[in-house]
Structure formats: C-alpha cells, structure tokens
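Asker: Residue-level listing of the chains:
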Amino acid sequence: MSAPAASARVPSRPLAVPAALDFIRRLQAHRAGIVGVVLVLVVVMGGIFAPWITPYHPTQISMDDALLPPGPSHPFGTDAFGRDVLCRVLYGARFSLQVGVVSRLLALFIGTFLGLIAGYFGGKTDQAVMRLADVTLAYPGLLLLIAVMAAVGPSRTALFVSLGIIGWAGVARLVRAQVLSLKEREFVTAIRSLGATHAAIIARHLLPNVVTPVLVIFSMGLGASIMAESSMSFLGLGAQPPQPSWGSMISSGLDYLRVAPWLSLAPGLVITATVLGFNLLGDALRDMYDPRLGRPRR
Amino acid sequence: MLAYTVRRLLLFIPLMLGVATITFLLLHVLPGDPVLSMVGERYDAETIARLRTEMRLDAPLYERYADYLRDLARLDLGRSYVTGKPVWDSIRERFPQTLRLALAAMAIAVLAGVTIGVLAAWKRGSPFDYLLVGGSVVGVSMPVFWLGVLLIYAFSMRLGVLPASGYGGGRIAYLLLPAVTLAAASTAYVARITRSSVLDEINETYVKVARAKGAGEPRILVRHALRNALLPIITVVGVDFGSYLSGAVLTESIFAWPGLGRFTLDAILKRDLPAIQGAVLFMAILFMLVNLAVDLLYARVDPRVKLGRSS
Numbered sequence: 001m002s003a004p005a006a007s008a009r010v011p012s013r014p015l016a017v018p019a020a021l022d023f024i025r026r027l028q029a030h031r032a033g034i035v036g037v038v039l040v041l042v043v044v045m046g047g048i049f050a051p052w053i054t055p056y057h058p059t060q061i062s063m064d065d066a067l068l069p070p071g072p073s074h075p076f077g078t079d080a081f082g083r084d085v086l087c088r089v090l091y092g093a094r095f096s097l098q099v100g101v102v103s104r105l106l107a108l109f110i111g112t113f114l115g116l117i118a119g120y121f122g123g124k125t126d127q128a129v130m131r132l133a134d135v136t137l138a139y140p141g142l143l144l145l146i147a148v149m150a151a152v153g154p155s156r157t158a159l160f161v162s163l164g165i166i167g168w169a170g171v172a173r174l175v176r177a178q179v180l181s182l183k184e185r186e187f188v189t190a191i192r193s194l195g196a197t198h199a200a201i202i203a204r205h206l207l208p209n210v211v212t213p214v215l216v217i218f219s220m221g222l223g224a225s226i227m228a229e230s231s232m233s234f235l236g237l238g239a240q241p242p243q244p245s246w247g248s249m250i251s252s253g254l255d256y257l258r259v260a261p262w263l264s265l266a267p268g269l270v271i272t273a274t275v276l277g278f279n280l281l282g283d284a285l286r287d288m289y290d291p292r293l294g295r296p297r298r
Numbered sequence: 001m002l003a004y005t006v007r008r009l010l011l012f013i014p015l016m017l018g019v020a021t022i023t024f025l026l027l028h029v030l031p032g033d034p035v036l037s038m039v040g041e042r043y044d045a046e047t048i049a050r051l052r053t054e055m056r057l058d059a060p061l062y063e064r065y066a067d068y069l070r071d072l073a074r075l076d077l078g079r080s081y082v083t084g085k086p087v088w089d090s091i092r093e094r095f096p097q098t099l100r101l102a103l104a105a106m107a108i109a110v111l112a113g114v115t116i117g118v119l120a121a122w123k124r125g126s127p128f129d130y131l132l133v134g135g136s137v138v139g140v141s142m143p144v145f146w147l148g149v150l151l152i153y154a155f156s157m158r159l160g161v162l163p164a165s166g167y168g169g170g171r172i173a174y175l176l177l178p179a180v181t182l183a184a185a186s187t188a189y190v191a192r193i194t195r196s197s198v199l200d201e202i203n204e205t206y207v208k209v210a211r212a213k214g215a216g217e218p219r220i221l222v223r224h225a226l227r228n229a230l231l232p233i234i235t236v237v238g239v240d241f242g243s244y245l246s247g248a249v250l251t252e253s254i255f256a257w258p259g260l261g262r263f264t265l266d267a268i269l270k271r272d273l274p275a276i277q278g279a280v281l282f283m284a285i286l287f288m289l290v291n292l293a294v295d296l297l298y299a300r301v302d303p304r305v306k307l308g309r310s311s
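Chains A and B, in that order, give the protein sequences. For the first sequence, the residue numbers in the numbering used here are 1 to 298. For the second sequence, the residue numbers in the numbering used here are 1 to 311.
Source of the hints: derived by calculation from the structure; they are not laboratory data. Just so you know, even glycine gets a beta-carbon here, dropped at the ideal spot from N, CA and C. One or more hints might be untrue.
[As the list claims (entries may be wrong)] Taking CB as the label site, the calculated pair distances span:
no. : chain 1 : residue 1 : chain 2 : residue 2 : range
1   : B       : G166      : A       : S181      : 48 to 56 angstroms
2   : A       : L137      : B       : L9        : 16 to 24 angstroms
3   : A       : L137      : B       : D71       : 46 to 54 angstroms
4   : A       : R25       : B       : L17       : 45 to 53 angstroms
5   : A       : L105      : B       : Y206      : 45 to 53 angstroms
6   : B       : I234      : A       : I24       : 50 to 58 angstroms
[To be verified] Covered stretches of chain A (chain B as the covering partner; in silico rule of three or more C-beta atoms under 8 angstroms from a C-beta of chain B):
no. : stretch
7   : 99-111
8   : 185-196
9   : 254-267
10  : 275-282
Work out the full structure, taking the sequences as your base and the hints as a guide.
Answerer: Here it is in structure tokens:
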C-alpha cells in the first residue's frame, strides 16, 4: 500500500511510470474496473482516431445514400442526409469527451480552490463558500443547467462553462471536508510554527493530499457530464447542427424512428457504453485508492 | 424534534432566497438580449424600445431585483411574453399532470424496485441476482430520453400496443410509457438499496431468532428484514420524487406530456423570460421542500438519527 505519507508531495514526473504500473497491478483484481477501462479506451481511441478510422466525413451530405440500413459499407447505416452514422458517432465522441473533460476540469479547479480556502480559513470565508455550494446543489437535476443554457444560448463554450459552474459545488464540499481534518494534523501545525505562509501551506502541503480523492471524483463526474451534455443536445440546448453530437443525433433520428431506427438506437447505445465505462472506472478508482471517500480522514 | 424542525425551517429561508437570487441573476445578468430574440425578424427600433420599457429592462438591476422579490412574495411570477397569461396560472394548470406522472413513476419504482430487490436478496448469488446487479449498473448509465425512445419504438411502433405520446385525456394507456421511463433509474437504485439493506439485516440477531423459530426464508425477508430496511428506501424514493416533480423535462418532452417540464422547455425555446424564471423557481423550491420533508420524516421515523448533526 502506498498510503500518503504525512508530508506527501504531488507525484512528480519520475513517478508517473511506477504510478501507472501500480494502477495496472491494482486493476487486475477489479473485474468491473477492467470493463470500465476497456469501454473508456474504446471511446477515447474512437474519438481521437476518428479521421483515420472512417473514410467518411461527418457533415458530408450525399442524398443518394440517404437512410441506408446498417451494412458492410455503413456499419450503423446512414441518416436522412446520407451521412454515415458510425462516422458521426465517432466525431460525436470527440465533442462529448471534449465537453466532458473541459467542463470537469473547470469544476475541479473552481471547486478545489474554493474548497481549500473554505476549509483552511474557516469562519466567514467558509460560510460564504459553503452556503453558495448549498444553493447550487439545491437545484434539482438538470434544472440549473437548463436555466444557464437558456440564458446564454446554446454553444460549445456555454456547455463548458455551465457544466463547470454546476459541478464545482460537489468538489468544493469534498475538498473542504478533507482539508478540515488535514489542517489539524501535526505536519501542518509544525510547518505553520516554522513560519510558513498560508499560501505555501495550502499549495505545498494541503493540495497534494487532496489530489487522489479529487481525481477519483473527476472520473465519476465525467460520466455525469457526458450524460448532461447529451441531454442538453437532445433538447436542442447543447450542440447545434451540423455539429455531430450523440444527443442531437438521437433527437433528429426520432422523425425516422419507424423507418430507420438505427439513427436513434446507435448513438444511445454509445452514450450508455461511455457513461457505463466512466462509472465503472470511477467506482474502481474509489475502491482501489480511496475506500473512505467522502469521509474526513483520521 | 421540534427544535430540529424549527432549525431546518429557518435554514430553509436563506436557501430559498439564494435560489431566487441565482435564478434572477442568471436570466438578467448573463449575456443575451431577450428583446432581440423576442422580436427576431420583425426588427424595428420602435418595437424594441416599447418592449424594453414594458419589460423594465431600462431600470437598474437592483430596482428590478427589488420588484422581483416584492412580486415573488405575492406569488406574482409575472406574465408570459408569449401568451400574456400570468405565469402562476400556467404553472397551476400544468402541475397536476406533472404530479400524476411523478406519483405513477414513484409507485412503479417502489413496487418493482422492492420486489426485485427482495427476490435478489433471497436468491443471492444466483444468476437472477447477478442479472439484477449488472442490470442496475447499466440502467443508471442509460440516458432517460434514450430509454423513452426505445420504449416508444418497441411498444408503440413494433408491437403497437401503447400510444407513443400525448396526454390522451388522462387515459391510463398514455401514462404507462412515460411513467416507466421516468421510474427506470430509481427502480434500479431502489432494487439495489433494498437488496443490500435486506442483506445487512440478515445477520442481525433478531433475524437469526426468527430463523431459529422456524420461520421460512421469504417470511423472514419480508416480515423482518425488509421492515427494517425501509428507512433507506424511503430516503431514496423521497429524494427521487422531488426530482420527478421538477426534473421531468426530458421525459415530458419525449412523450409530449403537458406538464411543467414541457412548459419550461417550450418557454426556453421561445425565450419567454418570465415563464422560464417562474417555472425554474417553482420547481427548485418544490424540490427543496420535498427534500426537507424527507429529512424531517427520516428523523421522525428513526430515533437513531442524531438530530442536528447533519454536516
């Protein structure tokens, strides 16, 4: 076990290889985690190598090939404009992953920063941050997201920002809880008595100790972000045509559900597989690195 | 108990004010001109100026905010830009349909979820158990709107046994697919919670005593273990009920269900600012109220819950 030492620092570059080996070793014992990793890898690779995997272009219209059923040259069939569905699903992966990763990173930065500050300084700062988090979390499900997207208008940047703004509160709560118990520990008291500044204590001693739980919820949150993005795109509040995205593919396929069900079925299957992959991976990471996630450490 | 209730109610007020403020700020401060998107093609300076004055967009932000809070206190959510009707009236008109869908979904989630969960706990380690655990993991990863599409495809288009969308004057056939769609994720969750809570209880002494007295396994599970596992189930269902009442935007829009979710989406697509604001606020507060009720109920049902030490 590599339990974080009292003054653990950020794993720096030379540690990347052992960390990867350690990850693989732990993963071997976790069957659901392996399924998750495989699903995530397939989707990520599909998105990255989309231009090399498919001979088609996601927005190339070819009316002669409209609504072809799945077959050798079009494994997922074609849509009403003769566009290859597999190709659009692959490019949709790019979009969804991009939105997911960027918005989660944003949530992570805001949440970690505010959580550190709230936990470390306590008092009024803590009150202000946590009450704001309460209000953010008081909105049910997608409602806050819908309201933000309605206000700003649908665009990729709007998705990044609104998903990020919404995700921060959960991260902040988690980080704050960790910091609350960390800051009473001997190593923090010791360096404080040595005259370390607040900024130095937070950045060099508290931050490294919250990295692991934060990475775990990063993976769990990615699935949720991708689900939220496709829901928004499905409602017409996310990706705008001709941008291929899974949610909007499902909604535009609804008009042809009777004659060409593959238009809606294929992207939905891919969303399910992707979200499932990130959920399983997140669960595995939690089991492997931080079984007590969410509770303050002693 | 009384002190706890009072404290929770007092805490509720600032939270509600916070939600009201954030909703206001979102729609009034963020970029995007409601007037321009309203007039759209019919762009002429006079109309725009008139609308601006009517909508009080020229007034400073704090004045609009003060007006907003004052109206809110009188349950006045303003008038829709599109229909001219008071938003509060539209919400009251739409809410019964949403409530009906939510109640149906909750009934399904509880009945199906608890039954499946108890069966899985009874046959633990069997293929059925594995199927349930696997199915519930996949179930929560499945987008609700896609599940709706699948059900429409299977039951309306292929089998032709159920209507694909609409309210159908309240006939039960129209309620089935939307309710099942909405209930699916909670059913999976309730089943999982039921299974694990029942399994937790199985090792308790009182269960062993019942078994020693010669009670059959199903009787032990239902009469003894399940009864004590009800608490976590209530919590899960309660929280989900709150989000059914408010978050059914996706389900209602797939099935063209004339409830609040559909109303909100229509308002957004038409950029009907007062309607969006009113609906979002109404649903958020409803959601918070249901959560509060669940918490209070929880504390009342289980004396072991340590009151007032929530955070």
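Asker: Does each hint fit the structure? Answer for all of them.
Answerer: Now the hints, each set against the structure:
no. : hint                                : verdict
1   : B:G166 - A:S181: 48 to 56 angstroms : holds, 54 angstroms
2   : A:L137 - B:L9: 16 to 24 angstroms   : holds, 19 angstroms
3   : A:L137 - B:D71: 46 to 54 angstroms  : violated, 26 angstroms
4   : A:R25 - B:L17: 45 to 53 angstroms   : holds, 52 angstroms
5   : A:L105 - B:Y206: 45 to 53 angstroms : holds, 50 angstroms
6   : B:I234 - A:I24: 50 to 58 angstroms  : violated, 42 angstroms
7   : 99-111                              : violated (count 0)
8   : 185-196                             : violated (count 0)
9   : 254-267                             : holds (count 6)
10  : 275-282                             : holds (count 4)
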